[in-house]
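Based on the sequences and whatever the hints tell you, model everything.
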Amino acid sequence: MASDADNRGAGEQSTDDFIRGLWKENPVFVQVLGMCPVLAVTNSAMNAIAMGLATLFVLVMSNTVVSLLRRFITKQVRIVTFILIIATFVTVVDYLIAAISIDLHKALGAFISLIVVNCLILGRAEAFASKNTVFRSILDGLGMSIGFAFALFCLGSVREILGNGTLLGANLFHDEFQPWVVMILPSGGFFTLAGWLLLFNKLGQRKVRAQLQRSDSDAELGEEKFA
Amino acid sequence: MSDEPLWSIFIGASLINNFVLAYFLGICPFLGVSGKLQTATRMGLAVTFVMLVSSTCAFGINRLLIAIDAPFLRLISFIAVIASTVQLVEMFIKKFSPTLFRALGIFLPLITTNCAILGLALFQTNKGYGFAQCLVYAVGAGAGFTLALVLMAGLREKLELALLPDVIRGTALTLMIAGLLSICFMGFAGLGA
Numbered sequence: 000m001a002s003d004a005d006n007r008g009a010g011e012q013s014t015d016d017f018i019r020g021l022w023k024e025n026p027v028f029v030q031v032l033g034m035c036p037v038l039a040v041t042n043s044a045m046n047a048i049a050m051g052l053a054t055l056f057v058l059v060m061s062n063t064v065v066s067l068l069r070r071f072i073t074k075q076v077r078i079v080t081f082i083l084i085i086a087t088f089v090t091v092v093d094y095l096i097a098a099i100s101i102d103l104h105k106a107l108g109a110f111i112s113l114i115v116v117n118c119l120i121l122g123r124a125e126a127f128a129s130k131n132t133v134f135r136s137i138l139d140g141l142g143m144s145i146g147f148a149f150a151l152f153c154l155g156s157v158r159e160i161l162g163n164g165t166l167l168g169a170n171l172f173h174d175e176f177q178p179w180v181v182m183i184l185p186s187g188g189f190f191t192l193a194g195w196l197l198l199f200n201k202l203g204q205r206k207v208r209a210q211l212q213r214s215d216s217d218a219e220l221g222e223e224k225f226a
Numbered sequence: 000m001s002d003e004p005l006w007s008i009f010i011g012a013s014l015i016n017n018f019v020l021a022y023f024l025g026i027c028p029f030l031g032v033s034g035k036l037q038t039a040t041r042m043g044l045a046v047t048f049v050m051l052v053s054s055t056c057a058f059g060i061n062r063l064l065i066a067i068d069a070p071f072l073r074l075i076s077f078i079a080v081i082a083s084t085v086q087l088v089e090m091f092i093k094k095f096s097p098t099l100f101r102a103l104g105i106f107l108p109l110i111t112t113n114c115a116i117l118g119l120a121l122f123q124t125n126k127g128y129g130f131a132q133c134l135v136y137a138v139g140a141g142a143g144f145t146l147a148l149v150l151m152a153g154l155r156e157k158l159e160l161a162l163l164p165d166v167i168r169g170t171a172l173t174l175m176i177a178g179l180l181s182i183c184f185m186g187f188a189g190l191g192a
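Those protein sequence lines, which keep their order, are chains A and B.
For the first sequence, position 136 matches number 135 in numbering that gives the first Met the number 0, and the numbering has no gaps at all.
For the second sequence, position 53 matches number 52 in numbering that gives the first Met the number 0, and the numbering has no gaps at all.
To be clear, the hints were calculated from the coordinates, so they are not data collected in a lab.
Think of the CB as a built atom: it goes at the ideal place given N, C-alpha and C, for glycine as much as any other residue.
One or more of the hints may lead you astray.
[Said to hold, decoys possible] For lysine-lysine, the following BS3-like pairs were computed, each having C-alpha atoms within a straight-line distance of at most 25 Å:
hint, chain 1, residue 1, chain 2, residue 2
1, A, 130, A, 74
2, A, 74, B, 94
3, B, 157, B, 35
4, B, 93, A, 74
5, A, 105, B, 94
[Stated by the list, open to error] With beta-carbon atoms standing in for the labels, derived distance ranges:
hint, chain 1, residue 1, chain 2, residue 2, range
6, A, 68, B, 86, 20 to 26 Å
7, B, 160, A, 30, 24 to 30 Å
8, A, 12, B, 157, 44 to 50 Å
The following block contains the structure:
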């Protein structure tokens, strides 16, 4: 797989911008960015999806604007400018969610406003959008935020299934299931994320080991050829 | 206006609804700077100071915005104030303690994106606290943040020497300890009025 990535031409660069955020550089599981909303609003799968969509809107819009203005923003004031651009879009999202569903707005509470300080968004503005074209920045924003939403959903669904016995409000088990209340509580957020990270670490290690073995056997083949 | 007594606000912000362990605010520095006890204590103090200043400013700004009837500017003005306060603290620390400045590294400017500080400003506005209540709330939240950070740093210093499987080292382990600490802090729930 690694060699495929190396052989890619410049034409396929844009697909790479998009795919990268989904898995290889997943903002939550690999980069461990934007932890506060990840832990705070994932006590049900629905909240997690709503938060993911709100972040998607803000990230794509802020990436677009930052990328459009990248020639006009001087280096000294860039962080403040980025934060103000992000804050503008977060205000828009805040009012939008309140207009669509008051219940959802109450459930997410201050965490909608707190999207401003999500390190992921500022990080993408600084590391990607301020250096690349608008099209690529939009793709990068889409990929990263879909990866983020995916991670939120992973946590939210596990916590809702174990802590409440439901998924997206639908009852999964009949009355026999005793809910693990701790999973809905704050500590459950920490445990679930720790569990996912463990899984990803384990998979990552296995991949590295497989690659090592493959390169070992390649080396042996090479030696045989020379012999 | 809320008429909650000051002691109850302090205990609520520092122990019962601890910003890190119950509200999940300020997780990034909590995971990042909690490796060493000394750095953790100083980071806690720096954050408490920023909280105090930005909470005072946020109180004034909120009054102003209500007076000119522009509540939609709240978020933008809060974040601008916080960013400038952090800049001030950064210059102050750089001047008076270059060692601390180096130890805190990238996490010092990142106090700007510390959700705990913006969260504090937003919560105090939502709860409708008066001026004295805001100050106590800020000190309480700062104390709670420092407490969580120091506890975590102490535990992690001990665990440096423990024998652990490779998979669990790093963030996963820190998160598990955080989960256990969070369960411990639930024990304070009965303290509230």
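Verification of the hints:
no. : hint                     : result
1   : A:130 / A:74             : holds (12 Å)
2   : A:74 / B:94              : holds (23 Å)
3   : B:157 / B:35             : holds (10 Å)
4   : B:93 / A:74              : holds (21 Å)
5   : A:105 / B:94             : violated (44 Å)
6   : A:68 / B:86: 20 to 26 Å  : holds (22 Å)
7   : B:160 / A:30: 24 to 30 Å : holds (29 Å)
8   : A:12 / B:157: 44 to 50 Å : holds (47 Å)
Hint violations for this structure: number 5 only, all remaining hints satisfied.
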